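Fit chain F to the given chain C structure using the hints.
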Amino acid sequence: MSMRLFVSRDAGAVAVGADEVALALEQAAAKRGVAIEIVRTGSRGMYWLEPLVEVATPQGRIAFGPVTESDVPSLLDALASNTPHLLRLGATDEIPWLKRQTRLTFARCGVIDPRSLDDYRAHGGYKGLERALSLGSEAILAEVTASGLRGRGGAGFPTGIKWKTVAQAKADRKFIVCNADEGDSGTFADRMIMEGDPFLVIEGMTTAGITVGATKGYIYIRSEYPHAVEAMNAAIQAAKRGGYLGDKIGGSAYSFDLEVRVGAGAYVCGEETSLLESLEGRRGIVRAKPPLPAHHGLFGKPTVINNVLSFAAIPFILAEGAKAYADFGMGRSRGTMPIQLAGNIRHGGLFETAFGVTLGELVDDIGGGTFTGRPVRAVQVGGPLGAYFPRALFDTPFDYEAFAARDGLIGHGGIVVFDDSVDMRRQARFAMEFCAVESCGKCTPCRIGSTRGVETIEKIINGERVHENLALVEDLCNTMKFGSLCALGGFTPYPVLSALKHFREDFAPIPTTLQAAE
Amino acid sequence: MTTLYEPHYEPWDEARGAEIIAEHAGQEGATLVILHALQEAFGYVPEAAIPMVAQALNLSRAEVHGVFTFYHDFRHKPAGRHVLKLCRAEACQAAGGDALAARAEAKLGVALGNTTADDRVTLEPIYCLGLCATAPSAMLDGRLIGRLDQKRLDALVAEAQR
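In the order they appear, the protein sequences are chains C and F. Positions 425 to 942 (the numbering used here) are the ones given, in order, by the first sequence. Positions 13 to 174 (the numbering used here) are the ones given, in order, by the second sequence.
In isolation and in its complexed conformation, chain C is listed as follows (with noise of 0.2 Å):
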């Protein structure tokens, strides 16, 4: 009988040897006369011990990890004669990082073929769409409403309502739309679960068009995720040639029929209206609101456009119930959450976990701190709008309601960590600089304050009227929260204002009055 061995083919793999390793493995198997077969699996999201190698017993999955191409004969060796190798860590499943996680959305990422429709309903995939065609549309708008799903891309509008405004419109046609221009630096959940889990975004997209009674969807991809791109595109294929997706779906009267889009490197096409502008051909400028995409979005048709994250919640939803969903999570944040770690941070990865946990345990416990071994300075939560904290916040739940009465954000839940060499005015420069590069252009506050915004602080670290030009960008930074037409100028305040309250030292000497007053 062969051995069956499992190697990630996810793109943070694959950029840390998985190809290699995998292909090395193959070589030295046949040289060795040793029957195996490796399945390419997406990744489990625990970056640090990439390239994972499992493999396959009668007591479940053991791994390995981090494996380069001159361990795998010494691995071999270890696994022909059932001995210790330095590299194992055991029962997968068993790992405390993945077994304190709770895997709902991700409940099958690195461990199916992302290729393979069988394997995706041999785990449990389609369950939630049969059940959704016997529902039926208002049985599961109420099913998606009672889950308490916020929208994943960062804004939390409750998909529930969302999709019931689009079942609700009238139109010859209605359009499905997933949002996969995944832009946020510390963000890859998108890509993690379109290479690693592909069917799930079909699966749930297909339910949303059955729901509101839309035939055609489209997925919007960033040009800087080929990998996920073409496992998008395989799943689309597979689904197609299986009835689940084109006419009558499942054996059901429904006609779903998808297609990616690919993006062409504007972060503003993150912005649901700038996409939608990009979808049609068109400048990713934004639109204004209303008229919302519900009833006025793609080719001016009503539109359910979510994040990948959102529709990949779903399946499950529909297949376990609402409640099963919504028991776990806190406040008005139902469900669960997956967490990406990133930057400067010793245990990184994707950490799906319900509603509720604590800044500091995901930073100090769950991520291990610093992999320079420095002290954690600031993080920044929500991308690269999103504010940055100290430690004296690590104290916030992670859940919607509290980021925001911390003048925060979760955005698209992506965490950067940074350790105690990191220049805060440099960091509150780049947000500006980034926000004057990606601007589409419409509105002033974003075109012309953020080029003011890069100028001022650049003043001040160059200390020319420090305190003057301080207030000058607190200023500016009103004006552009309340005055620009979308999250993109809108934002952008967060991590400077944040940057500017939580780590002002970094900017202006405390004047000498006030050291001796302390």
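Treat the hints as calculated values from the structure; they're not laboratory data. Mixed in with the good hints, there may be bad ones.
Derived DMTMM-like pairs: lysine to aspartate or glutamate, alpha-carbon spacing no greater than 20 Å straight-line [unchecked claim]:
1) Lys163(F) <-> Glu444(C)
2) Lys725(C) <-> Glu40(F)
3) Lys119(F) <-> Asp131(F)
4) Lys866(C) <-> Glu75(F)
5) Lys455(C) <-> Asp495(C)
6) Lys905(C) <-> Glu857(C)
In this text, all values refer to a predicted model and were calculated from it rather than measured experimentally.
This is chain F only, laid out in the frame that chain C set:
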């Protein structure tokens, strides 16, 4: 698998360009799809193609030009033989990306966003490859590299210069 993938592009040819445009023109909102396809074939979007796209989609030349210039991905001239992209976003900054970018600029003698005088290497910033847990990261002609350090960067630069 560590061998360098060298992109091969066709020289610009009007008939071939027209064929590519016609292949995609029937799709709804086809402008980006066509521009991507042209760049994939020729390595850039030749100026001569812009009015052809406009005519095929019944748009003005200005509209197509506007789309072409809005997006960072589209090139108006061919890149160097190899393209080295360094991730410059926050997660990579936190992991020492600033120093590595400065090192790459010094080694190649060009600032980010430029091509070496011998046309061998185009060095570009990229804002997030989504490899934020194995930062800093880079991409050389479509190949991803994570956990970049000085040694690995030097090897990449040398590889790109070959």
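Quiz prompt | Restraint status (C-alpha distance of Lys725(C) to Glu40(F) at most 20 Å) | solution = holds, 13 Å
Quiz item: Taken at face value, is the distance from the CA of Glu75(F) to the CA of Lys866(C) at most 20 Å?
Solution: holds, 16 Å
Quiz item: Within 20 Å, alpha carbon to alpha carbon, are Lys119(F) and Asp131(F)?
Solution: holds, 15 Å
Practice problem: Mind checking the alpha carbons of Lys905(C) and Glu857(C) for me, to see if they're no more than 20 Å apart? | Solution: holds, 16 Å
Quiz prompt | 20 Å limit on alpha-carbon distance, applied to hinted pair Lys163(F) and Glu444(C) | solution = holds, 19 Å
Quiz item: Under the criterion that the straight-line Cα-Cα distance not exceed 20 Å, is the pair Lys455(C), Asp495(C) satisfied?
Solution: holds, 16 Å
Of the numbered hints listed earlier, not one is contradicted by the structure.
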